[in-house]
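Use the sequences and the hints to build the structure in full.
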Amino acid sequence: MTGQENANAPQSLPKVAPLLQFRNVWVEYGEKVVLERVNLEIPAGAFVSVVGPSGAGKSTFLRLILGQEAPSRGTVLFDGARMAAECGPDRGVVFQRYSVFPHLTVIGNVLFGLECAAAPVLGRLFGARRRAALAEADAMLDAVGLSSARDQYPAQLSGGMQQRLALAQALVKHPRVLLLDEPFGALDPGIRVDMHELVTGLWRDHGLTVVMVTHDIGEAFKLGTRVLAFDKRRHDPHAPQRYGATATYDVPLLRKTGDARMANVTQNTAGPAAASDHPAESA
Amino acid sequence: MTRLINLRPSRRGRIMAGAVPILILALTYALAAALRHADNPADKVLPTVGAMASALWRMATQVDPVSGQITLLADTVASLYRLGAGLALATATALTLGLLLGVLPLARAVLGPVITVIAVIPPIAVLPILFIALGLGEAAKIALIAIGIAPYMTRDLAAHVAGLPAEQFIKAQTLGANSWVVAIRVALPQMMPRLIETLRFSMGPAWVFLIAAEAIASDVGLGYRIFLVRRYLAMDIILPYVAWISLLAIAADALLQLASRKGFPWAQGAAR
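Top line first, the protein sequences correspond to chains A and B. Quick note, in the numbering used here, the first sequence goes up one by one and the last residue is 307. Quick note, in the numbering used here, the second sequence goes up one by one and the last residue is 377.
Because the hints were derived from the structure by calculation, they are not lab data. From the three backbone atoms N, C-alpha and C, an ideal C-beta is built for every residue, glycine too. Be a bit skeptical, because a hint or two may be false.
[Stated by the list, open to error] Calculated from the model, a selection of chain A residues having no Cβ within reach of chain B, i.e. all distances over 10 Å:
1. GLY54
2. THR99
3. GLU160
4. ALA173
5. GLY184
6. ASP212
7. PRO213
8. GLY225
9. ASP229
10. HIS230
[Said to hold, decoys possible] FRET-style restraints, in silico, Cβ to Cβ:
11. A:ASP212 x B:LEU132: 54 to 62 Å
12. B:GLY189 x A:VAL145: 27 to 35 Å
13. A:HIS259 x B:ILE110: 46 to 54 Å
14. B:ALA356 x A:ARG174: 35 to 43 Å
15. A:ALA109 x B:LEU216: 20 to 28 Å
16. B:ASP358 x A:VAL145: 33 to 41 Å
17. A:TYR53 x B:LEU209: 17 to 25 Å
18. B:LEU209 x A:LEU146: 15 to 23 Å
Here's what the structure looks like:
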């Protein structure tokens with residue numbers, strides 16, 4: 025197992041302790057095996073795209089990192105420590121839908137995370153602390169281009185604007201890892217391109233570690249510094265639940281991490297190419 | 106030829122179309138009353154509109170020599186007080202328990218079955234117990250209303266909260282919210298429009314329980330009055346009282362709807 029792990033690790037990344045480590049991770053529900061023998065390391069600063077057919081455990085993989093689910097075998101290490109099976113503020117998430125709170129305004133949605141941290145009893149801030157948090161939230165809204173919609177409710181926003189808001193809401197907490205679960209799946213193609221630029225820019229500017237699940241292979245290669253393809257290695261036609269999926273392909277897109285040999289693998293990567301020294305920055 | 110399912114009346118057309126059955130009902134009543142009075146001028150079963158108006162005027166303006174109060178006013182105040190207290194009690198209970206059950210799976214496991222059991226007990230059947238335990242005063246009537254509607258409201262609100270997208274709860278946790286903050290900042294605000302909705306649905310049963318309790322043991326109240334004058338076959342009082350109760354119910358419903366629209370603009374946008 026360890027041999028495979030080393031072989032898969034991106035060669036050009038600096039040798040720092042990986043942010044996330046999967047050691048022989050299995051996820052089983054009774055007889056049904058969803059993930060098996062997942063051995064992976066994700067260094068800080070990576071933009072990992074996860075692709076694969078439906079039912080190949082992409083979302084389960086994401087939920088493991090999120091802490092929404094625990095492995096049935098093996099360990100997931102987050103920053104060298106065993107991951108708690110509960111979501112915490114060190115991980116940010118954007119879902120395809122329902123990522124924002126419908127009862128809060130745009131600014132209220134971004135403010136929410138700041139209020140949670142500072143006011144565990146009332147869940148609200150007042151006075152100078154509220155003003156400071158508001159300033160921070162406003163800056164975040166500015167960064168995702170939502171300042172003009174500051175006082176609107178999510179129902180009044182378009183799908184793309186809602187996802188911008190979801191990003192701002194997550195990033196205001198400065199998460200160690202940002203998880204994106206098909207974040208652009210419900211958006212128009214034009215809006216999607218805008219969102220790609222936004223996410224790439226945020227990744228670069230905020231020194232983020234991103235794990236993104238997507239159905240869109242083009243999107244996976246365009247945005248990621250590394251593409252993981254999940255699928256089942258073995259398949260028993262008489263017992264389709266017998267074997268689980270694992271990362272069958274692990275493609276480091278080295279151009280984005282400073283290696284020109286892989287330059288022909290991706291296109292449209294003018295933006296992310298500038299992020300070559302990025303992992304060192306955030307480490 | 107336009108299909109029937111695609112025929113939509115305009116706003117004015119809708120109002121006129123809606124008024125037609127009401128007018129027919131009113132006219133039918135007036136005609137039936139006139140016919141009966143032609144046969145027997147002392148008929149009490151279908152009083153004329155004039156007789157009902159004068160009876161209502163008497164109830165609404167004259168001070169009753171026994172109680173020293175204007176009857177309609179005293180009845181209305183007494184009934185609305187009981188109804189309001191019962192609704193308030195039920196609302197507070199349903200809000201607290203609904204939030205608890207909706208947010209905490211543990212609370213759902215502990216309290217869910219017991220609330221289901223309480224909810225299937227016909228409230229009127231426990232009225233004697235309430236009279237024995239709480240006496241014949243206001244407490245028993247208020248308790249009947251609260252017991253009658255609180256279990257339904259609790260289950261409705263708990264189901265609503267439990268049905269909120271799981272993504273919201275996950276998201277709140279990744280934003281650093283503890284259980285308490287999730288409850289009061291994520292679940293509670295999203296419960297409020299539903300609370301008003303479930304309160305509106307509970308108004309009908311609440312009136313039933315109020316009038317039943319008043320009919321059985323009371324000395325003032327709208328339900329008490331109707332059942333009292335029934336002994337004298339005083340339809341000229343019963344019918345205006347029923348109309349007055351309906352009017353109060355419609356007004357309460359309209360007020361709740363207004364409160365929901367004004368108080369929770371975000372919920373209106375989503376429901377579009």
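*Is it true that the C-beta distance of B:ASP358 to A:VAL145 lies inside 33 to 41 Å, as the hint says?*
Holds, since B:ASP358 and A:VAL145 (Cβ atoms, about 37 Å apart) stay within the stated range.
_Claimed clearance of chain B by A:HIS230, with the beta carbon kept past 10 Å_ = holds, 16 Å
*Hint says 15 to 23 Å; check whether the CB-CB distance for B:LEU209 and A:LEU146 agrees.*
About 20 Å separates the Cβ atoms of B:LEU209 and A:LEU146, which means 15 to 23 Å holds.
*Between A:HIS259 and B:ILE110, is the Cβ distance one that fits in 46 to 54 Å?*
holds, 49 Å
*Holds or violated: is the Cβ of A:PRO213 farther than 10 Å from all Cβ atoms of chain B?*
Holds, since 24 Å exceeds 10 Å.
*Looking at A:ASP229 again, its CB stays over 10 Å from all of chain B?*
holds, 20 Å
*Closest CB of chain B to the CB of A:ASP212 still more than 10 Å away*: holds, 20 Å
*With 35 to 43 Å as the target window, see if B:ALA356 and A:ARG174 comply at their CB atoms.*
Because 38 Å falls inside the window, the suggested range holds.
*Does the Cβ pair A:ASP212, B:LEU132 satisfy 54 to 62 Å?*
holds, 57 Å
*Mind verifying the non-interface call on A:GLY225? Its CB should be farther than 10 Å from each CB in chain B.*
holds, 22 Å
*Determine whether the non-interface label on A:ALA173 survives the test: each CB of chain B must be over 10 Å from its CB.*
The claim stands: A:ALA173 keeps its Cβ more than 10 Å from every Cβ of chain B (closest is about 13 Å).
*Should the label of A:GLY54 as a non-interface residue stand, given a Cβ cut-off of 10 Å to chain B?*
holds, 20 Å
In this structure, none of the earlier numbered hints is contradicted; all agree with it.
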